Amino acid sequence: MRRRTRTWLAVTSTMCLVMAACGDDEADAPAAPATTAAAPETETTAAAAPETTTTAAPEAPAEVTTTVPEAPTEVTDTLSASDGTGMRIAVLYDGTLDQGGWQGSMDAGTQLLVDSMPGAEVLRVEEIAPGQTAQRAMTDLAEDGYHLIIGTSTYDADMAIVSADYPETAFLHACDATVTDNMGQYCLAVEEARYVDGALAAALSETGKIGYVAAFGISFVLKPLNLFAAGARSVNPDAEVHVVFTNDWFDPNLELQAANALIDLGVDVLTYDLSSSAVPEVAAQRGAGFIGYGYDDARLQAPDSWLGGSLYNWGAAFVTTAQEVAAGTWEPGYIYGGYADGLLGYAEFGASVPAEAQDLVDSLIADIAAGDLDVFAGPIVDRDGNLVVPEGEALEFFDRAICCEWVIEGVQGEIG
Amino acid sequence: MTAPTVDRAASRSGRWHIPITVEQRAASRFLQQLGVNLVALVLAFGLGAILLLMAGDNPLDVYREMFDRAFGSSRALRETLRSTTPLILTGLAVTVCFRMGLWSIGAEGQLIAGSVAGAAAALVLGPSLPAPLAVAAVVIAAALGGAAWATLAAVPRALFGTDEVVTTLMLNFVALGIMNYLIFGSVSYWRDRTNPGFPAGKVIPESTQLDPYFGVFDAGLILSLALALIVALALRRTVWGYQLRVAGDSRAAASYAGINSTRQIISVFAVSGALAGVAGGTYVMSITFALEPRAIAVNLGFVGIVVAAVALLKPLLVVPIAFLMGALLSTAPSLSIFGVSPAVVIVIQGIILLCVAGAQFFIRYRVRITRVEVGSR
Chain A
1 MRRRTRTWLA VTSTMCLVMA ACGDDEADAP AAPATTAAAP ETETTAAAAP ETTTTAAPEA
61 PAEVTTTVPE APTEVTDTLS ASDGTGMRIA VLYDGTLDQG GWQGSMDAGT QLLVDSMPGA
121 EVLRVEEIAP GQTAQRAMTD LAEDGYHLII GTSTYDADMA IVSADYPETA FLHACDATVT
181 DNMGQYCLAV EEARYVDGAL AAALSETGKI GYVAAFGISF VLKPLNLFAA GARSVNPDAE
241 VHVVFTNDWF DPNLELQAAN ALIDLGVDVL TYDLSSSAVP EVAAQRGAGF IGYGYDDARL
301 QAPDSWLGGS LYNWGAAFVT TAQEVAAGTW EPGYIYGGYA DGLLGYAEFG ASVPAEAQDL
361 VDSLIADIAA GDLDVFAGPI VDRDGNLVVP EGEALEFFDR AICCEWVIEG VQGEIG
Chain B
417 MTAPTVDRAA SRSGRWHIPI TVEQRAASRF LQQLGVNLVA LVLAFGLGAI LLLMAGDNPL
477 DVYREMFDRA FGSSRALRET LRSTTPLILT GLAVTVCFRM GLWSIGAEGQ LIAGSVAGAA
537 AALVLGPSLP APLAVAAVVI AAALGGAAWA TLAAVPRALF GTDEVVTTLM LNFVALGIMN
597 YLIFGSVSYW RDRTNPGFPA GKVIPESTQL DPYFGVFDAG LILSLALALI VALALRRTVW
657 GYQLRVAGDS RAAASYAGIN STRQIISVFA VSGALAGVAG GTYVMSITFA LEPRAIAVNL
717 GFVGIVVAAV ALLKPLLVVP IAFLMGALLS TAPSLSIFGV SPAVVIVIQG IILLCVAGAQ
777 FFIRYRVRIT RVEVGSR
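Taken in sequence, the protein lines are chains A and B.
Residue 130 in my numbering sits at position 130 of the first sequence, with consecutive numbering throughout.
My numbering runs 416 ahead of the 1-based position in the second sequence.
One chain only, chain B, in its complex shape (with noise of 0.2 Å):
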């Protein structure tokens, strides 16, 4: 059961022996898992608790309004689970890249690629087109439009070995830079000329906004979950799974086995791509009906680092992480309005992220007290 340790250097250095030690567990249970994550989510809202005091609410009152707000009706429902969608999208093309090692952090820039190319689908095709085969174009347009941005930084990572972290990264602004041009800065196909107010996109097509069933989750969640089934198969299942996996434990040992891993790269990537992409096109159907920059550009592509990283890179525990994240985060206006400070509301999103991502380290690790006698080396 004990496993090689850690950490051993660090606590003998100088004088000071620090009896601690931090061990990998060999291998950890569900309910293990479990515990450690409820132990965490009840030292999160502990200290959410004591913030909410000092800030002079009630923390029993803020956190009954934050579930009602997330889960109490199915109005609420609606809302976090379309906060959810796009959640899911981009933690699972995060979760795609850094299973095999590729630090793509471009997830934002392939989301807004993918909401111009589907904005642009919705507009040319929607008038035209059933409503089905309508939203099946914007999708698909969307997916190859995040595919495409994301292919901009493959080419050069699989090619030069250039450092996909500051691709990516700068292909964030790059696309920003676009999409906002082409609504403030010029008078593009997406941009709707007859408003005479605030610069703002197109409204699509009826045809192309995504209507709730039940009047709580639409066609984009049932996409995304599908999606998530797929990914997970695909990892598991499928010899492009293997190889990504292999690649992703030792680049080395792909290389020995045979896998080409310039076509490797570039076609991880474009499927990461594809799926921010998606993401971009499903919330400009759910959510802004439009090419509205300022709208679209709201981090979810970060957050989709957060989420993986929190779902220990496991496609089908993206899928409750993302729903936990959405909650938190779109109940944030409404804590607001409830009287709690934005600045108390942003500070609790943190601490409770920080503790659940933190609980991850205890399920791989175990930290023991470990007894040494005085002298012993």
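Isolated chain A (complex conformation) (with noise of 0.2 Å):
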């Protein structure tokens, strides 16, 4: 709460700096809130500060209640920033809210959307595949009317076809490139996460044999092993973290065979970064621990092996972006951000979990935060032996962001 308190202040005063800067081009808004941050042109650099993006305070100073200059509808609609009256968002799923992980952390974003804005109409909508049933439902809502529509999946392409057709209404999307005058992007500094997850299973493997089921062998998925790996071995340097590719962002099956065959491998702890529970169920039958990711569902699910695990705070984004939107200042830009944004957090600990292994992941947690620990910082050397960020050099925020092409040392295991 006080790290909130903290860029709260910080958005405010940047906000101020801001509009002092913009003068009057917003005539038609009386006085923009002061609960959202504008997010500067953080698609090119990342040179501004990590507050550029933020937490939005959700317990607005005071009612403030703008024209949204592109409402759809012929009558101008009355919309609240602090709390989201008359703004209808809908949030749109691949898979059923029912799942865990990269999903279930997502609906924890979407919940904390409908708790900060509680006079809006947020719309959850399921099982939308992309291709032609994306570009349908977001045709769909943005016909009905709806200002924000938020994809939680892989919609890049379906979403800039549709949402060319529609520039009235806002379109946010995960992780992907399209940036347009009213489609944007959010991400959070998953390599952050991941490297203190790594961080935690290295200090807990007896074998020094970490297991990771991951989807695709591709760089969205590379990044966060190859950082999870640099974690476990900035613990650990013997250590080796096992891989196996499902090429499925959901197939339960696989990732059940894929985790016994990891175990039998002899790996003690495990980890995955996909939405269903078969990784930590087979951790539980087979009595090695895990590490969860980006939600804490799984905690539930097999207390006895939940060592820990970073969560992902995308209702951070979703609320900054939903007031802005609300207030008329909405800049479509890339949200990126980790610990220090308030867009990572972490889970409670397992009860097996020593509490000097509580106090690593604490003092990791801290140094990234503070900008003392950077994941990315040289020297990193991939599994061919070859320098891809040298010593006293780190990534920049292109390059971190489309990362990584290659593999880190550590990692075992067929690529693909």
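What the hints contain is simulated information worked out from the structure, not anything from laboratory work.
A portion of the hints provided could be inaccurate.
Claimed, not checked - Partner residues are not named here, just some residues of chain A that face chain B (Cβ under 10 Å, in silico):
#1 Leu-92
#2 Ile-128
#3 Gln-132
#4 Ala-137
#5 Asp-140
#6 Leu-141
#7 Glu-143
#8 Asp-158
#9 Ile-161
#10 Asn-182
#11 Gln-185
#12 Gly-217
#13 Ser-219
#14 Phe-349
It should be emphasised that the depicted structure is a prediction, and the values quoted were computed from it without experimental measurement.
All C-beta atoms, glycine included, are put in the ideal place defined by N, C-alpha and C.
Fit chain to chain and form the complex, with the hints in mind.
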């Protein structure tokens, strides 16, 4: 909470500066609410302070009602930026809401949106596959006058197509490429989350072998894998991370087989980057420990095997954007942040985790949040022996976002 | 009028006499067919209504929403028609094979092969050709891609009698694997290397993106309607179609008549594959605008089997059935938005399909309660 207040203050002051600089560009908007944060051109540079994107304080100082110029209906909607009165928001999911992992962490974000903006109508739409289904759903929602449409899965191409037809509607997409006049992206620094997770895994593994069940051998998935391994080897330089790819985002049966195969290999701590509860199940059955993935639903499913895990706080990005859209100040960009920005948190530790390991995690998070530890700092060597980040350097924002085509040393297993 | 009884043996078995006889109708009149189908639809929506009531939704509201979202505006109609096009084409592809008694379930894989070939043609030729020629090039490439993929199953079937059900089914997975590899597993020509996010296909040039006429339908639909007509005429009026139907009725009769079965099997497979391939090509040009594996592999080939079966393997009947099916499938997300649980939507789709498919049985057969005197055999 203390951190939130601090960021809120930072945002407020930033906002005042921005408003002062903007002058009376937005004559229509009476006193833009101080609760919203502008995200100045974050898509091109990370040089801006970590506070560029931030948790917007749900407890707004005063209810400020603004007229939204891009209201799609003829009657001018009156939207409240503080509690979202009159605002309609839709969140699209690829699977069903009862899945854990990525999907579960996204829904926790939606819930924060519901709680923070009690006046807004927030609709969850399940089982929306990319492609024609997604295009159809987004078209319907835009036609129905939804002000903000949030995609939580791989809808980038579809959203780019539909958003071009509905310039008055705000579109927000998870961790992809397209940024236009009415479509933005939000993502969080999974590299920070996975680095901490990897460190905990290595601290608790007795065999030094950690299992990782992943979806696809693509850069999007290799980045968290690489940083997980980097975190593990920061604790135990000989740690090995054994990876198995299922080539699907959701295939519990294959995940089950993969997790069992990894344990047969001598792995005693497991993790995953998928939505099903297959890996926690196997860990519980076979007496191994496991680290969660962005969400702590698995802590309740397999409490004896649960060790810990970073929490993805997507809700921070949702609330910030929704409030900006309501206020009419939204500038589509690339929301990106980690522990320092309230976009990442940490779950409760498992009962078996000793105090020193807990302290290790806490101090790593404190260092990362304070800017003392950059998980992408060199030297980073890939598993073919190439120096991908030299000593004394660190990856810049764009390279962080699109990282990684390489696989870091310490990762074992076929990529693909 | 009374045709031979089909299922008497079953009703006689055991001690219990079941007084029901299933008879083939000698001929069913158009009005009769229409009536049976209407009853089936009413029954389907009635069953669906019960389900919706149980789930706590108001069926009338849901059905009105469904109708509005499928036909209620030009935008809605456009979405329905965009879903109709690929289903007409895969329905025709299945029809051609099934009419000859070739149980190909490979339309899915052939559609994928068509998308890959069509997307390649669009990317290579699109920038340099005027729009009509570029579109034609994509269609031809997609047809060739689909036909080539079908030939992989056709040749072993024609030469060695390999079971086409198994080969076509397996080739679907191979095609899917190749398409996934092109986008997710490699830096292929199809993949957009400039995209730093989730792996995506290169967007095809503007000249190959189909714009809807009057905001409602695009050239893909016109092409699919023309192909339905051509397939219907080819089956009815050409030697190729005649031989196909003869072979479908009796393989032995066909070989006595001197029909070269090897050539025939390969040509029928190739035509079927070409139709499914065109479905892939138009899908890329009208919906995905790129080779997008997760958007393309959505079971359009498998749904084509349902369309063909419900349409009684009649090419012209494929069109309205595909239209209904397209409306039914494309409104699923709209119903989810409306608040109906996705699981209920899937069950309602299933009920409607089951009733419509079941109705085809009652068009061909009639069920009669038989009066049999006790003790008589």
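Checklist entry - What are the numbers of the hints that this structure violates, sorted from low to high? => result 10, 14
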